[in-house]
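**Q** Please model the complete structure; the sequences and the hints are all you need to start from.
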Amino acid sequence: MLTIAVLYPDLLGTYGDGGNARVLAVRARARGLAAEVLEVTIGAPIPPASIYLLGGGEDGPQRLACDLLAEGGFVERVDEGAAVLAVCAGLQILGRSFAIEGDASYPGLGLIDAVTTRGPARSVGDMASNVDGRLLVGFENHGGVTVLGPQARPLGEMVVGRGNDGRRDGFRATRLWGTYAHGPVLAQNPWFADEVLAELAGEPLAPWPSVADRLYEERCALLSTRQADGDRSRGRH
Amino acid sequence: MTPGLTLRSRFAAVAVREVNALSRLLGRGSGTVAGGRAGLWVDPGLLTSLSRGRQVVLVTGTNGKTTTSAMVREGWGGDVAANATGANMPEGHVAALCASSAPRAVLETDEAWLSTVVGATRPAVVALLNLSRDQLDRANEVRQMAQRWRECLDAEYFHGVVVANSADPLVVFAAESASRVAWVDLPGTWRGDAASCPHCTRAIVFTTDSWSCACGFTKPPLAAASLRDQLVVDGVAHRLDLALPGAFNDANAAVALTVLSRLGVDVTGALGRIESLTSVQGRYGLRRFGDRRIRLLLAKNPAGTAALLESLEVGGDVWIAINAQVADGRDPSWLYDVPFEVLAERHVHCLGERRVDLATRLTYAGVSCDVVDDPDSLRSGSREVTLIANYTAFRDWMGRSAPC
Ligand SMILES: [Zn+2]
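Heads up: the sequence lines are chains A and B, in that order.
When we follow numbering that gives the first Met the number 0, the leftmost residue of the first sequence carries the number 0, and every step to the right adds one.
When we follow numbering that gives the first Met the number 0, the leftmost residue of the second sequence carries the number 0, and every step to the right adds one.
In short, the hints are calculated from the structure, not lab data.
The beta-carbon is built from N, C-alpha and C at its ideal position, and this holds for glycine as well.
Keep in mind that the hints are not guaranteed to be accurate.
Stated by the list, open to error - Examples of chain B residues toward chain A, derived with CB under 10 angstroms: (1) T5; (2) R132; (3) F157; (4) P197; (5) V204; (6) C349; (7) D356; (8) L361; (9) V370.
Stated by the list, open to error - The calculated label-pair distances, taken between Cβ atoms and stated as ranges, are: (10) A:G80 / B:D208: 40 to 46 angstroms; (11) B:R7 / A:T116: 46 to 52 angstroms; (12) A:E156 / B:H198: 38 to 44 angstroms; (13) B:E150 / A:E202: 53 to 59 angstroms.
Stated by the list, open to error - Some, not all, of what chain B presents toward chain A, calculated at C-beta under 8 angstroms: (14) E140; (15) R142; (16) A194; (17) A326; (18) S332; (19) T362; (20) Y363; (21) D373.
**A** In structure tokens, the structure reads:
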């Protein structure tokens, strides 16, 4: 049984990221794998799980979520082998520190060698990154700049948008993925959902065609055009 | 025209009417925004001078402000100035006040503009309906919005009455520092965006009828009005029998009637007038598309869409049209915050520019659906259709369909 735990959707649920849990569960069941989704709200203990999902949120809730994770034994569960998919504010929490209203450097969980500071402006718009030769598409909405330390590996190289710092998006470690892409990211990128799922299942998965494939194709086509336009306009300057 | 305007304001008001007449002549919409913008350019203080001497009501909130404004206007009766075309920023307010010299005005106000408009119009009553996520890519995060409302309604600056939904903690946070508040206790208020306390970020605990936080922030116990089986305003019970559908419209009526009671209007008489409203700016009314009859409903965000899904009648076809233009919010991921699972027994036609995003969402919700690339293929059919559309998709479908 795959247990998919959404951590604090009441704090980190501002951008529809809770959809990632549903996508994993539906795609797992379509392959005959049993899956359950648990929503862990403020005040509830963090249960054991195959994967923990963290989403985006506003400053105050982000700080509270970080405190609850630190006190609730989250890091220990991850050390014991649970997987993590973290988006936006969730990604920042996993790093060494992040900037937040009233505090330029709030301590994070330190699971990843990454530091987030406040950027010059908010990045809001479609984004795409190249992950091992495949496009990962989504929508970003954040004001942070995340710099990875020498220990950390990025998830992708930016094609459209800012991601961590204009060059790279998120991070990747064993059974752990971080990205700035909302969308939700697993709904927009069925291949990525299956990559995460295959890792959890410990085996390759049979294809499961759905309308999500058309969505992915269309978003890729659109963002590739935008990248080409961007390259042309950069070329003129 | 309101007497007592300065020469500059009078000139600015003329500019509003001239530009509006011109833009209507050129066929560029109703022109209210263009005219208002021109007037404010000539006289930045125009909204203040146009409001002077009038009794003004402002209505704001994430959902229901257009309908509630229409209800206040209808219930008030007689000649009332209003921005009934939905242009709810200062240029729309200026245009509305130029178009009518009525001594009373109801202005639907965009959430982000409340502070400016309160300062300019010195309203007698400000109604706060609810606050939840909407068009997030404009960085209009709801907790910041509540803080800005709170600052402009503070007793130190604002001396009118606030009519506010006590079931919504963010609205209570915004209204609690005002000098006079009439709380309206509404059932079924969306809680998704108020899980953590606006004072201390700890968890707000909700029970069936109340909510509270460990820091002492709690639902105001005494309400001027409450809506359960009946609507009770100032101790008097009324039975609501609206022509407009849905529990959310009962809630809108409860707020409108509380506003009117604070203005000294007889509630029973006002209710009679509100009950006869059948359509607001094309919403809820039946329209024709080919030989189909379509009921067109506007839903812009998770809370509003959830309320519409709950009020869907059994039987009939369901179509949903989703765009993601600037006015809609460029990011349609809010679809994952909508409990579409309630449509599990139905089949949905997915329309609009982001129809594939919608179909993906519905597929993950286990709802049977198809992507309609050519809406004209749906022109024939006998069953009545409920079409839920977000902002620009609604506008597209108003253009594509005709009144019945
Ligand atoms: Zn509190």
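**Q** Look at each hint and say if it fits the structure.
**A** These are the hints, each one checked on the structure:
Restraint check, B:T5 versus chain A: the minimum CB separation of about 40 angstroms is more than 10 angstroms; hint violated. A hinted interface residue such as B:R132 counts as satisfied when its beta carbon comes closer than 10 angstroms to some beta carbon of chain A; here the least separation is about 6 angstroms, so the hint holds. Look at B:F157: its Cβ only gets to about 25 angstroms from chain A, farther than 10 angstroms, so that hint breaks. Satisfaction of the interface hint for B:P197 is found here, the shortest Cβ-Cβ separation to chain A being roughly 8 angstroms, below the 10 angstroms cut-off.
Interface hint status for B:V204: upheld, as the beta-carbon distance to the closest one in chain A is roughly 8 angstroms, under 10 angstroms. Against a cut-off of 10 angstroms between C-beta atoms, the interface hint on B:C349 holds, since the closest Cβ of chain A lies about 9 angstroms away. For the restraint placing B:D356 at the interface with chain A, the shortest Cβ-Cβ distance is roughly 6 angstroms, inside the 10 angstroms limit, so the hint holds. Nearest Cβ of chain A to the Cβ of B:L361: about 9 angstroms, under the 10 angstroms cut. The hint holds.
For B:V370, the interface hint holds, since its Cβ comes within 10 angstroms of a Cβ in chain A; the closest pair sits about 7 angstroms apart. At roughly 44 angstroms, the beta carbons of A:G80 and B:D208 sit within the given window of 40 to 46 angstroms. Distance hint check: the CB atoms of B:R7 and A:T116 are about 47 angstroms apart, consistent with the given range 46 to 52 angstroms. For the hinted restraint 38 to 44 angstroms between A:E156 and B:H198, the CB-CB distance of approximately 43 angstroms keeps it satisfied.
Between B:E150 and A:E202 the Cβ separation comes to about 56 angstroms, which falls inside the hinted range of 53 to 59 angstroms. At its closest, the beta carbon of B:E140 sits 5 angstroms from a beta carbon of chain A; the interface hint therefore holds under the 8 angstroms criterion. This hint holds: B:R142 has a C-beta 6 angstroms from the nearest C-beta of chain A, less than the 8 angstroms allowed. At its closest, the beta carbon of B:A194 sits 3 angstroms from a beta carbon of chain A; the interface hint therefore holds under the 8 angstroms criterion.
For B:A326, the suggested interface contact is broken, since its CB lies about 15 angstroms from the closest CB of chain A, more than 8 angstroms. Taken as an interface hint, B:S332 checks out: its beta carbon lies about 4 angstroms from the nearest beta carbon of chain A, inside 8 angstroms. The restraint placing B:T362 at the interface with chain A holds, with a minimum CB-CB distance near 5 angstroms, inside the 8 angstroms limit. Annotation: interface hint on B:Y363 holds; nearest CB of chain A at approximately 5 angstroms, less than 8 angstroms.
Because the beta carbon of B:D373 sits about 16 angstroms from the nearest beta carbon in chain A, more than 8 angstroms, this interface hint is broken.
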